[in-house]
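There are 2 protein chains.
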Amino acid sequence: MESPLAPLIKQLQRLPGIGPRSAERLAFVLLSWSKTDVHLFSSTLVDTHQSIIYCETCFNICITSPCSICCDARRATTSLCVVAYPQDIVALSKTNVYNGLFHVLGGLISPLDGIQPDMLRVQELLSRIQTGSYSEVILAISPTLEGDATSLYLTDCLARFSSISVTTLAFGLPVGAQLDYADPLTLQRSLEQRRRI
Amino acid sequence: MESPLAPLIKQLQRLPGIGPRSAERLAFVLLSWSKTDVHLFSSTLVDTHQSIIYCETCFNICITSPCSICCDARRATTSLCVVAYPQDIVALSKTNVYNGLFHVLGGLISPLDGIQPDMLRVQELLSRIQTGSYSEVILAISPTLEGDATSLYLTDCLARFSSISVTTLAFGLPVGAQLDYADPLTLQRSLEQRRRI
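Protein sequence lines correspond, in order, to chains C and V.
Using my numbering, the letters of the first sequence correspond one by one to residues 2 to 198.
Using my numbering, the letters of the second sequence correspond one by one to residues 2 to 198.
Derived by calculation from the structure, the hints in this document are not laboratory data.
Note that the structure is predicted; figures quoted are calculated from it, not measured.
Mixed in with the good hints there might be a few duds.
Remember, identical chains collapse to one label, so a pair may be satisfied in a single copy or spanning two.
Claimed, not checked - Computed list of lysine-lysine pairs in BS3-like fashion (alpha-carbon distance at most 25 Å, straight line):
1. Lys-11 / Lys-36
2. Lys-95 / Lys-36
3. Lys-95 / Lys-11
Please take these sequences and the hints and turn them into a complete structure.
Here you go:
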């Protein structure tokens, strides 16, 4: 006997981090919602998915292009922060430290997944930099295998713009971390990139 | 600046166990789905919510009433298992131990939440039992404050059916539990309900 909730449970399991048990629990909760609430949930999903586009300048997600960051006159227009995904912009914005512009690559170089540099928005990045508007490029890319490969590739591409300062985020111990729980690679980077206090 | 994903994130946060960070992550994943996938997800939710009804006999969720359990001729029709919610039937069915019928109360007595016995399907339960079809009633109700109150209330209601064997689930140490990690109340019940081996 298949549960009448089986199709819904199957759909919910497609979400990341939702296993069979969580999906079942979510299905029963959704079932207890009012018809109005379920329709609001459903239409918000479909409407948002339909209305989101990519900014023609920085490839951030937005509803009108160029996006609100690119249009923001209060931002430092000489700094460009290169990230892999739109969600990285959200994370960086929360720090309230960076006030420049962004460029979303749309992924990271990953030969195993068949993602080559020409599938990322690298040409668009170089075109933006060629305009001469930027004095600083920050590579804000995760220190993973794919991230490091992408950073290395971009560093090569940007080498010819000698007037631009190219930096990457600092890598080391996260705030609040305990040294004896840190993994060897993080500790290695922390040592290599140690600085005077 | 509000994120264009804000309405979707807000809706996702209404799901149990989904906080602001998880909702944001889910929103970005849903955004990366194809239009077809998003529509399938959304329509499955709305369709399931619309098509699910309650069985007129046992109040389990179903698509056609009476439900597939009540209609199943291979089941032992003299045993009735009383549960609080339809999801409890799913959990009990997975054990493959019980082969009788069910009765869903639709909640538990909880004066703090304003849930009185007359708001549960107790009258419907008594009507079923009054037909004389059942020789055994199993109260499969969680051993919580509300569950215990409900079990006690039902035991009182069922006292007049002297020919029916009324039992509750066994309470004690869960399989695989470590005795020193068990909470005092569980240990107390395990001691009180100890049995000869």
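Comparing the hints with the structure gives:
1. Lys-11 / Lys-36: So Lys-11 and Lys-36 pass the 25 Å test inside a copy (21 Å) and across (18 Å) alike.
2. Lys-95 / Lys-36: neither (35 Å within a copy, 30 Å between copies)
3. Lys-95 / Lys-11: Result: close only across copies, 18 Å inter versus 34 Å intra.
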